[in-house]
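There are 2 protein chains.
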Amino acid sequence: MRLLEDRAAREAVATDRSGHRPDTLPDAVVRARNVDDVVETLRWASAHRTPVVTRGAGSGLAAGSSAHAGQVVLDVSGMDRIVEIRPDDQVAVVEPGVLTADLDAAAGEHGLFYAPDPASAAISSIGGNIATNAGGLRCAKYGVTRDAVLGLDLVLADGRRVATGRQTVKGVAGYDLTSLVVGSEGTLAVVVGATLRLRPKPLETATLAAHFDDVVAAAAAAAAITSARLQPSVLELVDAVTLEAVDAARGSSLRSLGAAALVVQCDGRGALAEIEAVGQVVAPFATTWRATTDPVEAEELLAARRAGLPALEATGDVFIEDVAVPRSKLAEAVAGIQAISARTGVRIATIAHAGDGNLHPIVVVERGATVTEGPPWEAACAVFDLALRLGGTLTGEHGVGLLKRTWLRAELGEDSLDLQHRIKAVFDPLGILNPGKGI
Amino acid sequence: MRLLEDRAAREAVATDRSGHRPDTLPDAVVRARNVDDVVETLRWASAHRTPVVTRGAGSGLAAGSSAHAGQVVLDVSGMDRIVEIRPDDQVAVVEPGVLTADLDAAAGEHGLFYAPDPASAAISSIGGNIATNAGGLRCAKYGVTRDAVLGLDLVLADGRRVATGRQTVKGVAGYDLTSLVVGSEGTLAVVVGATLRLRPKPLETATLAAHFDDVVAAAAAAAAITSARLQPSVLELVDAVTLEAVDAARGSSLRSLGAAALVVQCDGRGALAEIEAVGQVVAPFATTWRATTDPVEAEELLAARRAGLPALEATGDVFIEDVAVPRSKLAEAVAGIQAISARTGVRIATIAHAGDGNLHPIVVVERGATVTEGPPWEAACAVFDLALRLGGTLTGEHGVGLLKRTWLRAELGEDSLDLQHRIKAVFDPLGILNPGKGI
Chain A
7 MRLLEDRAAR EAVATDRSGH RPDTLPDAVV RARNVDDVVE TLRWASAHRT PVVTRGAGSG
67 LAAGSSAHAG QVVLDVSGMD RIVEIRPDDQ VAVVEPGVLT ADLDAAAGEH GLFYAPDPAS
127 AAISSIGGNI ATNAGGLRCA KYGVTRDAVL GLDLVLADGR RVATGRQTVK GVAGYDLTSL
187 VVGSEGTLAV VVGATLRLRP KPLETATLAA HFDDVVAAAA AAAAITSARL QPSVLELVDA
247 VTLEAVDAAR GSSLRSLGAA ALVVQCDGRG ALAEIEAVGQ VVAPFATTWR ATTDPVEAEE
307 LLAARRAGLP ALEATGDVFI EDVAVPRSKL AEAVAGIQAI SARTGVRIAT IAHAGDGNLH
367 PIVVVERGAT VTEGPPWEAA CAVFDLALRL GGTLTGEHGV GLLKRTWLRA ELGEDSLDLQ
427 HRIKAVFDPL GILNPGKGI
Chain B
7 MRLLEDRAAR EAVATDRSGH RPDTLPDAVV RARNVDDVVE TLRWASAHRT PVVTRGAGSG
67 LAAGSSAHAG QVVLDVSGMD RIVEIRPDDQ VAVVEPGVLT ADLDAAAGEH GLFYAPDPAS
127 AAISSIGGNI ATNAGGLRCA KYGVTRDAVL GLDLVLADGR RVATGRQTVK GVAGYDLTSL
187 VVGSEGTLAV VVGATLRLRP KPLETATLAA HFDDVVAAAA AAAAITSARL QPSVLELVDA
247 VTLEAVDAAR GSSLRSLGAA ALVVQCDGRG ALAEIEAVGQ VVAPFATTWR ATTDPVEAEE
307 LLAARRAGLP ALEATGDVFI EDVAVPRSKL AEAVAGIQAI SARTGVRIAT IAHAGDGNLH
367 PIVVVERGAT VTEGPPWEAA CAVFDLALRL GGTLTGEHGV GLLKRTWLRA ELGEDSLDLQ
427 HRIKAVFDPL GILNPGKGI
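Protein sequences, first through last, are from chains A and B. Per our numbering: the first sequence = residues 7 to 445. Per our numbering: the second sequence = residues 7 to 445.
Simulated from the structure, these hints should not be mistaken for laboratory data. Among these hints, one or two may not hold up.
It does not matter which identical chain is used: a pair holds within one copy or between any two.
[To be verified] SDA-like cross-link-like pairs, simulated, lysine to any residue; straight-line CA separation at most 20 Å:
1. K147 with P208
2. K207 with G397
3. K430 with V41
4. K207 with V287
5. K147 with S334
6. K430 with R55
7. K147 with D94
8. K147 with G274
9. K207 with R235
10. K430 with D29
11. K207 with P57
12. K147 with G117
13. K207 with S334
Given the sequences, and given the hints that come with them, work out the whole structure.
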């Protein structure tokens, strides 16, 4: 364990990738190397009633790991061992600091994969994925982080260790504390280990890209894919603002093919037949579409999606929302976001996990400008309001963090929030775990 | 709402299908017709501090809905409306008394299905499925009840109504109260409505039955299927005791083909190719195997599994366990159960969801004999002990109920159980909801 109090160390852990900038710095950083370090830190924090902000790779998008004066940051990114992969059980046991993409690669050596694949997989850690119940591109077919977590090793606020869940894929002994802690954003306990479900790698993959005159046609095509009972593993929508940024960054001319695109992947036996069926469904809506089973060509088709966020980030500072709506409301949500952008004059690009109704409206401001106040934040709040009006949620996969907390009551209601605060008190009676975040 | 106090009505709701017989009868039965009935009952029960045992179809296997003197049974089986099916969102909204098979059939009219399929689907209700986090045959591929529940409408112990979850397939706003209530066996709140995820019906299905000289070879073949990265939707193991009962009941001669069988189903595009790959994997282990895409022939192959439990029930009274072990321990578990049967002289048949390591050791006693005491119960307890020693769990999908409660501490440990009791107190401070069950 290393305890650091110098300014540079504290600045490095003050916030995440949300764009939020706390006014002050945390008092200190503990770099934990093992479970004992975490136990010791929490015992000390309990004794001194000092708030602890647990931090993984710092890739969060809701300021869930931002910290300020009077708080200590518990950095578990150094606890990064893949403890065990048991191919016969299709299970991995990991420490929280393991990067998501590293686990996926290690599973790949056994013909397996780790399904949750947030766009941040190369830079985000499993612990952070668990804290926010991270999703990703493949979760339309394979579920989110919660669906992949079989059990957790926790350190409670008072330093006691508790194991939740099990080593088996099924089990109903006791309440589901595992699911309760997944998505709890560091407010209930510190995750020091996780038993994760792996899945067999699909034998075949096929990829399609389709372009459309407008984003409403693209959303309608996505809905038609779902209605046709097809089950892509990836079904992503990209709007004109994003396509223009990608073209500027890569010298491509995607925008000339239409004002919106869908990128679709099918996998498993029969992937090619399924992608061809997708092609037949999208054809009446599309200006053009193309499908391939060639991996190199597939990467080219995926570029419109994968290059989207980096391309937008190259044009300014961003705040990435992740509202979700019922799948049938996707077109309405996309049109509503465009109207908000037009009304407020704030630049908003939209990328969406269309397969599960999860949208990423990306508010883009000039480099150095603050995203989380003034007109950009008002536009972001109008998007929250839109999502709730469409029967949706504030956050599909990024978490509430600090930034969405004022909106939470509107979504959950008084009685539900009251239950949640009392559950928080069961786990953390002194209120020292990431106070002011999540609920 | 009807309040019944006559003896016949109270006898009809005193227990479930576990074999447990309470010494006394509950004081009364409330037959709820709508949410207001439930609210009124719980307000009255809170005011009078009277314990309430919520009951669906009464098909439980762990005495989770058994009730005794001093308790009132709240029967919600009459709240049986499918409120809405929204095909475009692949979502159903139902009341708790809807029978599982009825929901699946209604979804089928839209080309969709409801994935959880406990063997009791024709007689068990969604509310009970939620209470126990029911599994079934298809959950190896499609997950358990918890994976299908997007949101719940609850009535709390004090009569307040709270909604959990959402209408969207993804969402992380607030703690996951939905997953907490799923599997909580009526101890946290009364479920009066559920928003459920439906899935597209697979376009193709292929079925295989294979027979083996002994059950260890069958378990090894099941493990080999998993290791080969194949993903059957159904992967069931049936032992010799069960095959003999099926032969006696149906006049078949399955036992002559071997001392154990596997029944396998693959679905989706490429189902036939996948089942053929399954055949190649099991062939070295099997005495004989056969695959088909013909629906009538498929039903015949499935009969060894589907007819198993009714055939055993025709030979005596049964207690059905549902321990689960890591998938790689399946053969060891099956061998251990056989050893327990030999050592105790108690007849135990085994059917297993081999795809997820979930076993159903079925203790069979003479008609009218009590399963839950004496040597039969000692044998059942030896199976619990075996499962825990193999790194498994007491219950994969039936719940803890009354009967497995004494074993719970051994599985969960003191600190975890303490957390769970304190969570129970958050929801039900007076302790009136199904006391003595679950945790």
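Cross-check of the supplied hints:
| no. | hint | verdict |
| --- | --- | --- |
| 1 | K147 with P208 | both (12 Å within a copy, 14 Å between copies) |
| 2 | K207 with G397 | neither (35 Å within a copy, 26 Å between copies) |
| 3 | K430 with V41 | neither (22 Å within a copy, 29 Å between copies) |
| 4 | K207 with V287 | between (27 Å within a copy, 18 Å between copies) |
| 5 | K147 with S334 | within (17 Å within a copy, 26 Å between copies) |
| 6 | K430 with R55 | within (16 Å within a copy, 26 Å between copies) |
| 7 | K147 with D94 | between (23 Å within a copy, 16 Å between copies) |
| 8 | K147 with G274 | both (11 Å within a copy, 13 Å between copies) |
| 9 | K207 with R235 | between (22 Å within a copy, 7 Å between copies) |
| 10 | K430 with D29 | neither (26 Å within a copy, 39 Å between copies) |
| 11 | K207 with P57 | neither (42 Å within a copy, 50 Å between copies) |
| 12 | K147 with G117 | both (19 Å within a copy, 18 Å between copies) |
| 13 | K207 with S334 | between (30 Å within a copy, 19 Å between copies) |
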